[in-house]
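So the protein lines, in turn, are chains B and G.
Here UniProt numbering is used: the first residue of the first sequence is 1, the next is one more, and so on.
Here UniProt numbering is used: the first residue of the second sequence is 1, the next is one more, and so on.
Any given hint could be a false lead.
Pair ranges (Cβ atoms, derived) [said to hold, decoys possible]:
1. G:Met702 <-> B:Gly527: 45 to 51 Å
2. B:Thr626 <-> G:Ala203: 50 to 56 Å
3. B:Asp59 <-> G:Glu698: 40 to 46 Å
4. G:Met702 <-> B:Gln617: 38 to 44 Å
5. B:Asp579 <-> G:Leu685: 38 to 44 Å
6. B:Arg193 <-> G:Leu685: 25 to 31 Å
7. B:Asn575 <-> G:Met702: 34 to 40 Å
Derived by calculation from the structure, the hints in this document are not laboratory data.
Model, not experiment: these values are computed from the prediction.
No residue lacks a Cβ here, since even glycine has one placed at the ideal position from N, Cα and C.
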Amino acid sequence: MGEFKVHRVRFFDYMPTAIRAMAFNAHTERLALARMDGSVEIFNFTDHYFQEKVIPGKDSRSIESLCWVGGRLFSAGLNGEIAEYDLENLRPKYSLEAYGGPIWTIISNTQGTQLAIGCEDGTVKLFEVLEEHIQFERNLDRQKGRIISLSWHPSGTHIAAGMMDMIRVFDVPTGHAVQRLLVDRGFGGSKSRETVVWSVAFLSDHTVVSGDSAGKVQVWDGHTGTLVKTHLVTKWDVLALSVSKDESSVVAGTSEGTVIQFQFIAPTLHQQQDKEWVRTRTFKNHTHDVRALAEIETAIVSGGMDTHLVVRPLLEKFDENIEMAGFDPVLLLFFPQRNLVSCAKKAGLLLFQFPGQLELWRLGDSDEHGKPGDRLPLKRKPEKLLLLKRKGEDHICCSALSSCGGWLAYSTVSSVLYTLHTSSASPRTPPRCLLPPANHQSSLLLLPSLSASMCTPSSPSQVSGSSNMSPQLGCSSLENHRFLLQPIHLMTTSGDGKWLAAANSDCEIHVYNLQKLKLHCIVPVYGSCPSAMGIHPTTNNMTVVHADQQLFEYSIVEKQYTDWSRKLQKQGLHNVWLDRDTPVTHVTFNSKNPNQVVLHDMHMFCIIDQSLPLPDQKTQFYNQMTLRSLSEQERPSHLHAFKICKTFQDLLCVSLLDDQSLVVVERPLLAITSQLPAPVRQKKFAT
Amino acid sequence: MAALYEGFTLCGLVQTQNASDSPIQGIELDGDSDHAVVTDSTRSVTLYKVSDQKPLGSWTVKQGQLLTCPAVFNFQTKEYVVVSDNKVIRVWKDEDLNLDKAFKATVTADVWRVHSAPGGEPVVLFQRGAVRFLDSLLSAPQQPVEDVLSEEEVIRWSTNIVAEEQHFVLFTTEQKGECCLYVQRLNPNTLQKYRLEREDSGASPLSFSASLQDKHLNLLYLYPNGCVYQSVVAARGYVGLEGVQALPRSLRLMVPVGEGELGAASAVALDEAHVAVVGVPHPSARTGKDFLCIWNTNFQTLQAGKEMAGRIHGQVWCYLGKLFVSHGKALSVIPYECQKSSLASALGKLRHTGLAVSKSSVAVPSWNTLLHGDQPQGPTKIVETRKSKLSRKSQSAQALTVEQVLELIKTGPVDEVQREVEALVSRGDAQDLQLSVGQLACHLVARSQAETAFYTPVALAQLVQTQFLCHSVCPGLLLLSLEHKDYFLCQLCLQLFPDIPEVVTCACLKTFISVPDGDVEMVSLEPDSVSFMEGLVGARGGQQNGFSPPLFEEDSCDTNHQPKPPQDKKNHTLQLEACPVGLHKAVLLNEVLQTPYSDNFLLPHLKDLDTQQVILFLQYLQFVYLKYSQDVYTQTPGLRSPTMTQIIDWVCLLLDAHFTVLVMAPDAKGLLSNLQSFVKSQVKLFSELGKIESSLQELHKMKLSKDISQYSIEVIELF
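Just chain G, with the same shape it has in the complex (with noise of 0.2 Å):
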């Protein structure tokens, strides 16, 4: 997945008169990777701090003189090189403060660009083709230049790579509607020429991104009808090669343009996957093409949106996570995250669906950041404001801080922790809390762990009901939690958390059977689920006026199954009559009942159950199904219980699991023949639901007949 966070103005900008022209050359990085150095249309350059959003430095020429180049860092000798009036470099360093007193040097030829990367010299391209190295140049600046292009071919873009050892300076040029692709390779120095594909419409480019990916150049361009393309130049290619080659190009990428063609639009490659757009329509949002788009090409989805208010210059700069976007009269910088995307992320994982609806508001978090603890690079600090620090900031003036809190953990007392984090899960506000209830949880279950005398309930279930954890972000708690049969935890746990892995749902299970009823009973349970329980245990069948409805295995038109030994039929009425288990037993096995999981994984470890623990679950899932059954059951919508289905599907797996153990056992054996006059009765219903089936259905079609009433004004076209 892909997201954009909440931008924010770095700068505003000037109109320029020409209103097409944009009023930014270019933003260039410098040494610090939270400076930009941008380039106005006219004569300034301007030294930013991106998160403070504030300028360090501002550097302006003459009047009369015009910047033609946008200002680069040069990384090894630490200065700034500009390019005014097409033929003037400039170098200065940080602490100048007047440019005209900076080093100047005058070319011969119209210099197009000055391109710099970390880890490269500076080269300078010329307006017609040529490329210098920007040190040979400036120790010899009237050396002539030659011509590389042809007279009608003009540069329309260019960029420089740095890989490893090598030192690209790619750029198109456009001559009468042809595009044409070249690669001039330093050190040593080698040009390649290559076509670019014309578009049916004749149209050209709109704008080029390059990157190096896997020791391949790729070019992305995109067209105004929409096609984003890739072509891909292999970076360690042979050289040899005279002449124009054509250049293979594939579709990426087809964004939905709505009504016309795209003006001023930009694209840019994020990763491998992911590309930004700029000026394009939302499919989704209303007319206007003044949307921020990052795009997945591989499954060509779009993953975030962004309306960015005023007019679009189509200009997009990526750097170090962030997209500058120059929009109306601002520069906003948008921080973006991508994550690798896969089909199972988008699946998601299955969780129970009645659930599902009500947490709508849990966030996926980032498990790398949480569990590693490298925050400062995350992307929810930048969205932070100003405002919002502010106003944290004179919170931590009554409160302690969620680092603060950490510290706590580790060392304090139990009363003290769990009052700071009860203090601190009741007033934090959801984005902040994401983040810390994970750290804090985890914090507490290792402190518990290393310390046996310290466990924090109260504080542990506070932060489970905040439903911002699931079992992975803190995988000890659960067990942690059977370790100090703190079931009420575990019952929040199960029911929260939509991770559970299967060896924990057994071990749950396991220790929840073997459980002694006095034990837990005890126990506070979630109330919800004991009145479920209680309804479940309490609702015997057949005392409303003394009317019984017939048994199921009564039901069964088995003749043989008739003549039954008394001994059993009693047997089998007592079990109908009480439940095997508990009442609060009872809640915590529906609850693991309820727990998603996949039969494949839980089969090996229902397997350590044992036969005693086998045939109590039998009995007690035999129970609830003739309670599901007899009753004319029907569920609470408000209630979480264990429906039929999960049911059978329990009786299922542990028969599987322990099939041959319980054929043996002796005190199985009524047990299981109850369970086959189950399927037995199963099979039945659905063979005379496939009876009525068909009839049901035409039912169904008499239905879609329309309803004609006695009057109506209809609407009828004739041709």
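Isolated chain B, as found in the complex (with noise of 0.2 Å):
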């Protein structure tokens, strides 16, 4: 296929933020995840894990708690709000002040009729839950010091309150306290300090667990309100209980990073009667706290201040049949799923998105020609050409560039904003104009490469385009003919300007003409969600891949898979390729050569060459380092489309630029760890 010169990024500090809260719904398999920066992903379970929806952070906002009622989302923060989340239009949809101080915690009721939240000032606020908002009811008797977890007897009659030194067992229809459970302070110098209860769960059978800040794990029976069992875990804190579905087992995580299992079984074979809390399993996955916790029907989900998101599958949960040979039972979740860089192929230009700013560097150059592995001397280094800093609290919820590099365009939840930046001129002081307040709010950008034009779909039913981007604006919007549910999370042009098409998390690809601002046609539904697509500069034909890894090529003019894809399908992808755990997050294409298409996801990119035989299920599928040994007659018998490499990882982003050289932004994780706080200290072995 031929050389190819790399611009190896590096420099894009992008950090992500600590896990704060998790609440996983059964019902619909979506797990909701709160991030210390006070932004919310939404994740499908059914769907290979894949970031469906992400509610940009806020300021002002703190997330310290969240809570599934149905379908609808509510967290609770220390700044003493309740909010509801619109996961339509992916923003608050409303707050509101509990007047008890910082929230700690926020439940809801198995029902899901009420909601109750733990707040500073000692009490356990109880808030009706309707149609459209919530309504404050009551309080249950206050208590001194503050209310810091929340757990709701499944019958609904009870509610076990975790606090200083204590746990609450309340009456709700009474909301008198009927049980004041003691939990012991830690030993040796901890005795003088305060033990918090980070966490309660309360059982059908009326048995508490608590977790809390000497490092124990409580078994207490709820009736007598006397404690069963103690499993000391840990020398440090234990901040998160989960309960599994069937109250059988419960997850704890530990500020060590460790998350302990114990399991309701019977000690001995003999009496099967006799079930108690037993201590069963300890995972690691985690170097620093684990803030958050969910036990799912086959995992553990677990995340905290090291960002990541771990699931960790029980494997007695699944068939025997499963193949494990080969199987990697952890995925880890680092990057966000979206777009965090935008690049201009024809200027060489990237553009990073932070959650507060936008920088935008131009890439090196080297005069130098080199043998493959070689590093070439640079002739020009990176430059850092403009950081934009956002106004408002709004974090930005995304960004673009357009292909020329003179045009850029951000979005807040609020407002979008664009940047008309001359490169030659005066980079430092762009001029700016906001786009009409009737687009208030698009969780979507794009700069097509050729006209100035962008496309923002600023809610659910609309795409609305603005071209001529002169001070007076022309503003075009696209109505749907037909109601769309779901927010659009992916939108790509084509590059003559004529094409847009959109996807939602309906998985619904729409395909809209710009010149005539008409839908075009809709693309036949797949089961999982589209993570990337893009159409093809020079045939318009629309390479789209989803969460399954599924691969898909659908000519637009043609309204029909293209026969490539029809052969792809009728071969099937290589399990290889379909095993791999992390999705497709950009497609692009290289413009000297029709038949390839450039993909990339975390830890690998590949150029697929359309021209060259499929591989089928026996070939090898990574097979650089075969063709490599080959000699120059051998090689063209082991070819395959998919050519694939592995050299770059934590890849954010893979660009083929115009002049055939790639960018591979990278970043690794072990510079973010080396960002992290430093974690509890642990005597490990020979240190």
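Fit chain to chain and form the complex, with the hints in mind.
The following block contains the structure:
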């Protein structure tokens, strides 16, 4: 295939923020995840853990706890507010002051009729869940000391509350505290320090399980208020607890980064009736505090200070017939599955999106030529052209750069801002303009290559485009004739600016004709969410990659799948391709060779050469090493269409510039780890 | 080893019209070893005196006539023989001026070559393979000559070899790509034909060379692909065999040929192990196939190489230590030397590594020429060009030559000898000195040994300092200096000689130990080593800001060791404080410590030391060891000093040699127990090191990981 110059970029200091809270909706199989910066992410666990929606954060918002009520998502935080999220428009719907000081926790009853929050001032407040709103109902008996954690008994009659040095059990109808469970303090020097009950779980047999700052997981009898069993699991804090749906297992997350599982089983084989809570397994997938935990049907999901989400499948829950060989049981989700980097292919510019700012860089240059494996001496170093700080509290949710590098746009939840930036004149003070207020919010931006027009999906039903980027903005919006329920999460335009494709989280892809401002066609719906798509600049064929790694090519002009796509589907993708665990996040094309499609996920990038034969299951899929060792004559017989390079890791962006050089933006996980605060000190062997 | 020396041009060559033809037909020897008879490709024969590069005589045939065979010298009749126009044999003497007036005889068939060799009669080889003695042919020139070879067979090369009683004519022929070797024995006449194995490429050999070794005829031939084969024919083999035999061959050498094949190249055997090849590329040089190389066929190593300017005609002759190579527009004579090669000479002797670097200019002198004094044939003589000779002559007008100084040494007074030697050493250039220094030293030592009153310490020291001397060149020198208590010279010798025998080392050691301190302190020694020793003695551990590092013994974890008798302790600290020997004595002992040795040979001689000497030496070694280990001593790079390992080795050797005696001796008891704690601390240290070794190894591995910067442009290849 040939040699490529690769710009290996490692200066994008992207830093994900720590995971603070998690809530799993067993009904829809969606996991909601809150980060320290106030952003909320929704993962679809039925669709390969695809990151479906992201609600950008805000400076003033802090989320301490998340809670699903049916399909509605609520959060509460230390700013003392309860918020409900609009999952269609991806922004907070409303927020409500609870008047109880900082809120530590929010829960709902199993019926989904009431919410309870634990406040700093020692009150537990109940809210009634209404159709469009929530309504304050009453306070339970006010206690001395803050309410750190809450757990509702499945019957709805009692609430257990974790506080300082104690656990209270409330009777919900009367609002009185019926039990007072005193929690021991830690040993030694920590004796003088109050024990914080970070987490409680109220089981249906009135067993209360608590995790506290003294490192204990304790099992109490909720009827009598007596301590049944104490498990000292760590020297540090037990921060999170989660109970499985059948209440046979509890997992606890600690400051050491371990997740410890307890199971309700009989300790001996003979006495099957006398069950007790036994510590069974320890998982160590984190280096820092585990702040959020969810035990779902088949897996334990955990997250914490070290910013990545870990899905640890419980293997005994799988069928025996699953092939275990080579199966990596732990899934680690590091990066957001959306684009933080935009690349101007013509100009060789990169736009990095941070929550608070944008950075525009010009790539370096080198005159030299070298052998494969060489590092070329730089003639020009990369240069930071622009640092653009956002205004207001809202974090940047998306950004885009036109391929000529002359146009730049970003959007927050409340506004869209363009920057017209002429690189020659005065890049430091770019003229700016705002989109008309009608387009008040957008989650996705796109600057098509040639025309100076911009597309923003402003609401689920609307895609608005504005062209003629003069101070007088001409705007036009595309109305959908069909009502779309879900927000658009992916958009792409063709090279000539004629076609626009938009995909939403209901897996629908609509293709619009931008010249006529009309819907052109709807791509047949596939069962998995599209994770990346791109329209070929010359053939106008659209390549779509889905979260389950399936790959389609759709001809927009002919409104049908192309022959190559049919051939691929007929033969099936290689198992090695399908077994990858991170979704493809970019599709780009080689403008010089229409047969080549460039894709990448976090661990590899792939150039698909459609002129070569497809690999069948017996073919060696990762064959670059083999090909290198073969002679020139033998090579052609071993070639196949998927050319995969794993030299670069932790990829955020791979793009092919117009001068045929590749841009690879890496964010090494080691660099992220090194910026994290120091973990709690642990004695390790031989240190 | 083999070496090519500086060559010189014997004569210029006239370029022939046909560039591929060599301008020289052949070079033959005359009765004089310094003469060469050069026959050019057209009409003339020239006799040269090789060392003077000057023609002694020249003979030319008339215009229109052509010499078709190189002129040879008939060693029996002292006449020259040449063939013109294939059929006319001409014979003439040195004093004949005109070739046309010389004796002529016309024979019936075309002559290929006339061959002649010392001790044998000249033979005439006809183009059709018949062989006649020259005498018998000239007596009846018109005798019929039979055809030995078939119609299309042509002779490519021929030679004759004369052994004690036997006379061979060897020639190779070629017919349709097939090569044959004919061995014609004379008196009685037998002819044997051998077929050479065909090379895979079908090419025929570029050159042949034959020699007689161990009563076997060795035929060496070079193919264009660089293979040099050897075939052996028994000289006294039984001759009854009829017909053609296959000639087995063995590959002696693969000469790297670079790109393409060899064109004009030639190989000639120099001795059993060396082959000179001309017209080949040098493996480490750039392109170009214009090198003369000497290869060792035993080890397949390149021994010497020399670039020859101009086009090489693929001709090389080898006579009496000289190679004659025609190249470009000149015929060069290159003296060479092949020494018997052995692994030992390749590896060299054990030497102090630190010194070897600084003295890289030391060339290995040839012992034979130096000691036995037969220098006229020495290769270095030939190296001298006329110019250098002239310059030397002009110099010798003011100062004495080496020979004159040598004469002077035999009889002259001390002062004069000293002065002249000094003068000679200070002015001589390196090449000359190397030869003369050894002779001077030998003569000086011989005179001193004969006359006890005669001793020239300054001159000897100067000779040693030239660094051209070693113990084997002048074996008496070191012992002589010991005898005369010239410790400075001793030190110099110990420092500079790489090859002191263990017995002499031991003798030095014994003398140094037993010499009273007072005697030595007066002697001036080499300042560097003295200052090192001063530093060592002066540096008392624990004087820096009152900090005193724990002593080694106290560091010991052995609790049994703790309750020491107080007297012992005091004794021990005393030993630490003071150096057991005087400063200059210590300097001399250090030199002994640094002398290369092999312990098997040293051990028996060490036993000659008496107990007191051993104890004193051990005490000194212990002192140095403690100093080293206490002071976190760092070796100054320039300073010559014994290493820790050398000290430990010597302690071990001494203990090995005298263990039983030491165990019995009461004065050695404290010393031995101290030494035991050395060992203990060493073992402890090494076990600690062993513990952290794996960790350190991990660190090493980590360093390997590539440091990737924030931005780089790399090149990858996808297939």
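Hints versus structure:
no.: 1; hint: G:Met702 <-> B:Gly527: 45 to 51 Å; verdict: 47 Å, holds
no.: 2; hint: B:Thr626 <-> G:Ala203: 50 to 56 Å; verdict: 40 Å, violated
no.: 3; hint: B:Asp59 <-> G:Glu698: 40 to 46 Å; verdict: 45 Å, holds
no.: 4; hint: G:Met702 <-> B:Gln617: 38 to 44 Å; verdict: 40 Å, holds
no.: 5; hint: B:Asp579 <-> G:Leu685: 38 to 44 Å; verdict: 53 Å, violated
no.: 6; hint: B:Arg193 <-> G:Leu685: 25 to 31 Å; verdict: 47 Å, violated
no.: 7; hint: B:Asn575 <-> G:Met702: 34 to 40 Å; verdict: 36 Å, holds
Of the numbered hints listed earlier, those contradicted by the structure are 2, 5 and 6.
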